Amino acid sequence: MAARNIEDPRSNAMLKALEDQDTTVAFDPLENTMILNMGPQHPATHGVLRLLIKLDGETVLATVPELGYLHRGYEKIAENATYHEFIPHTDRLDYLSPLSNNVAYVLAVEKLLGLEVPPRAQYIRVLVSEMARIASHLVAVGSMAMDVGALTVLLWTFREREKLLDVYDVLCGARFTTSYARIGGLQQDWTPRCTAMLNQFLGEFGEDVEEVERLLQNNRIFIDRCEGVGVISPEECVRMGVTGPLLRAAGIARDLRRDVPYLVYSDLDFNVVTAKESDALARFYVRVEEMKESASILRQALDRLPTGPVNAMEPKRVLPRKERTYTRMEELIHDFILINTGIDPPVGEVYHAVESSKGELGFYIMSDGTGHPWRMKIRSPSMTNIQALPLMLKGGMISDIVAVVGSLDPVMGEADK
Amino acid sequence: MALENLQQEGFLLTRLDEVIKWARKNSLWPMPMGISCCAIEMMATASPRFDIARFGSEVMRFTPRQCDVMLVAGTVTYKMAKVVRKIYDQMPDPKWVISMGACASSGGMFRSYPVVQGIDQFMPVDVYVAGCPPRPENLLHALLDLQKKIQGEPQLGGRKAGTAEEGHASATTVQSA
Amino acid sequence: MTNAEITEKLKTLVPASILSVEEFRGDLTVVIRREDIVRVAEVIKTDPALAFDLIIDVFGVDMYRPGERFEVIYNVYSLAHRRFLRLKVRIPEEDPTVPTVTGVWPGANWHERETWDMFGIRFPGHPDLRRLYMPEEFEHFPLRKDFPLMGIPDSLPLPRR
Numbered sequence: 001m002a003a004r005n006i007e008d009p010r011s012n013a014m015l016k017a018l019e020d021q022d023t024t025v026a027f028d029p030l031e032n033t034m035i036l037n038m039g040p041q042h043p044a045t046h047g048v049l050r051l052l053i054k055l056d057g058e059t060v061l062a063t064v065p066e067l068g069y070l071h072r073g074y075e076k077i078a079e080n081a082t083y084h085e086f087i088p089h090t091d092r093l094d095y096l097s098p099l100s101n102n103v104a105y106v107l108a109v110e111k112l113l114g115l116e117v118p119p120r121a122q123y124i125r126v127l128v129s130e131m132a133r134i135a136s137h138l139v140a141v142g143s144m145a146m147d148v149g150a151l152t153v154l155l156w157t158f159r160e161r162e163k164l165l166d167v168y169d170v171l172c173g174a175r176f177t178t179s180y181a182r183i184g185g186l187q188q189d190w191t192p193r194c195t196a197m198l199n200q201f202l203g204e205f206g207e208d209v210e211e212v213e214r215l216l217q218n219n220r221i222f223i224d225r226c227e228g229v230g231v232i233s234p235e236e237c238v239r240m241g242v243t244g245p246l247l248r249a250a251g252i253a254r255d256l257r258r259d260v261p262y263l264v265y266s267d268l269d270f271n272v273v274t275a276k277e278s279d280a281l282a283r284f285y286v287r288v289e290e291m292k293e294s295a296s297i298l299r300q301a302l303d304r305l306p307t308g309p310v311n312a313m314e315p316k317r318v319l320p321r322k323e324r325t326y327t328r329m330e331e332l333i334h335d336f337i338l339i340n341t342g343i344d345p346p347v348g349e350v351y352h353a354v355e356s357s358k359g360e361l362g363f364y365i366m367s368d369g370t371g372h373p374w375r376m377k378i379r380s381p382s383m384t385n386i387q388a389l390p391l392m393l394k395g396g397m398i399s400d401i402v403a404v405v406g407s408l409d410p411v412m413g414e415a416d417k
Numbered sequence: 001m002a003l004e005n006l007q008q009e010g011f012l013l014t015r016l017d018e019v020i021k022w023a024r025k026n027s028l029w030p031m032p033m034g035i036s037c038c039a040i041e042m043m044a045t046a047s048p049r050f051d052i053a054r055f056g057s058e059v060m061r062f063t064p065r066q067c068d069v070m071l072v073a074g075t076v077t078y079k080m081a082k083v084v085r086k087i088y089d090q091m092p093d094p095k096w097v098i099s100m101g102a103c104a105s106s107g108g109m110f111r112s113y114p115v116v117q118g119i120d121q122f123m124p125v126d127v128y129v130a131g132c133p134p135r136p137e138n139l140l141h142a143l144l145d146l147q148k149k150i151q152g153e154p155q156l157g158g159r160k161a162g163t164a165e166e167g168h169a170s171a172t173t174v175q176s177a
Numbered sequence: 001m002t003n004a005e006i007t008e009k010l011k012t013l014v015p016a017s018i019l020s021v022e023e024f025r026g027d028l029t030v031v032i033r034r035e036d037i038v039r040v041a042e043v044i045k046t047d048p049a050l051a052f053d054l055i056i057d058v059f060g061v062d063m064y065r066p067g068e069r070f071e072v073i074y075n076v077y078s079l080a081h082r083r084f085l086r087l088k089v090r091i092p093e094e095d096p097t098v099p100t101v102t103g104v105w106p107g108a109n110w111h112e113r114e115t116w117d118m119f120g121i122r123f124p125g126h127p128d129l130r131r132l133y134m135p136e137e138f139e140h141f142p143l144r145k146d147f148p149l150m151g152i153p154d155s156l157p158l159p160r161r
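Residue numbers (our numbering), protein chains in the order written: chain A, 1 to 417; chain B, 1 to 177; chain C, 1 to 161.
Quick caveat, the hints were computed from the structure, so don't treat them as lab data. The reader is advised that the hints may include incorrect statements.
As the list claims (entries may be wrong) - Here's a subset of chain C near chain A, in silico, CB distances under 10 Å, partners left out: (1) 73; (2) 77; (3) 82.
Computed from a predicted model, the values in this text were never measured in an experiment. Virtual Cβ for every residue (Gly too), placed ideally from N, Cα, C.
Kindly generate the complete structure, drawing on both the sequences and the hints.
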């Protein structure tokens, strides 16, 4: 029977939601179901996700995920901040790949303004987005393996990630939450030292991914724990609005970099990785292959990196460089106005989405002509992916929950906004 | 009788105190309350490059009953505050709290309706770490600061077990390097 | 299909439901009558030339104007044709309800819950309309323009020190 010591009405509503999902309660106490709370603080929930699971012995009958433990009020903050002020906030959305969030937001604002960015900045944005994708997938692969029991993989993937974070350190000044992209360009230019570091990383990356794969691809325990677990059909994925590696592991080749190209992805040559089985193992391998594809994109982009300016030539919208702000009058005035009142966009609404490592990350901006957006909506891929979680867990065992949540790779910073 | 005299004068306890303090400070097992981005830097601190285990934090036990220090890493919302406090209450004495990052120390960059502006509104804190997120070296510095603090405070006799407020009378802040 | 072709197709299929069509920076927004949203949703999902089968987003906007205060926006994507479309519904403050589209796109479930949580817009017919982000006992709707950024004091409980 359901637990009766409930003091807050919220869990009443959730228990009611659990009970409505077609189960019956038998008279024999051993026949009854149990509701287990996999609470917000848990080693394997990838952040603060709360799962209420109805169990019949060890079989999962129904699941109700509960979000909101990391709801920070981004959209309300966006209505009160200028467009430039919001850039550091976007770092903290999908905090495993902060650079791709920066780029996504800045692309949406530039679409609103109708601003064209010089080609060098576009290539550098591609470079940092793909680096962010690799960094995020390294954590996803590592923590999924760790949740299933292979602890070594996490330590190895974090070692790789540290190399990427060193490149960020040299490029942007910060290891992690970088706020690198600016409206109209980037904060600072790509240097030859970054090229050297990235080349060195790419030289070693192939073997390191091979090492990780070698650990796991014939590992009986890993395969048994992940194969056939958390299966969701492609039609269900489309109905629930799932995007990203989950959709691709179900067989549907949707990748915004190819379907609705942005930046210079239409000039670059890469494959869209799909799989057929749509179970946890397939998602794992989709992510590993995507890392290899990203490495190849990085090589191509590094080869083709053009020279030129990094910021667009629009003094009324693009923040001037600091040394010019401190020494010249025009730039000082522009900097003052841009920081205090913000850019002046046209009235209208735009939506722009990029393919982040979790799926489709989109920003909808409705502008009323002032320096603050009237409404900013962040379309977060993790929230829609978690919506499909009850379908994946239904009928499985309790120990599969961890493998499935690991293969889903939710990031609560963006799911809860 | 003689033993009590010695106890009153603090002789026996001083030596025992030092040993206990040394043991406690060098084996601080953290309880990772990893909530958001700072949790990733906490994981990086545990990773081979910055290795928190060499300072005694050998394992990050996720059960509060086996931990000494709680690392609150990330933004604490009102919804999550109840959970954090519950877990803090489940930790056995002696316990310490490191508030990692700007969000846990003061609400950080999120000055909005659901975010608690600092965990010291509902729990006592020993060390505040500044940074968004703090670099792993910063977190290690905070751990070393906590060890110095433990070395300084009297463990037996002078410290009342059970009332955590006494032990957290003075909190230190670690600036980001 | 270009934006103009989509507009033409919609005007032939559901002419009475379309209130206006806007295009800005290549994005097409179609304003639909509130009562017809479910029918229009079915039409654009099943028609093979349109085939908008992936629901991307459903959210509300508080325009803070007299008359029709709120707007509910549906962002959909077509996998076959690789395009986005935006549907918009305008609703007044006295009766903030919109029929639910979870029958057409089940993925809109949590998005509508978020809209209820943040704006107070009801979706009759929704299987499970609870708050998504704020605690269930929270009494206000945070993203409305009259809710302050720092919140209302004592509206959320905090454990005692």
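Evaluation of the provided hints:
no. : hint : verdict
1   : 73   : holds (7 Å)
2   : 77   : holds (8 Å)
3   : 82   : holds (4 Å)
Figure legend: structure checked against the earlier numbered hints; every hint is met.
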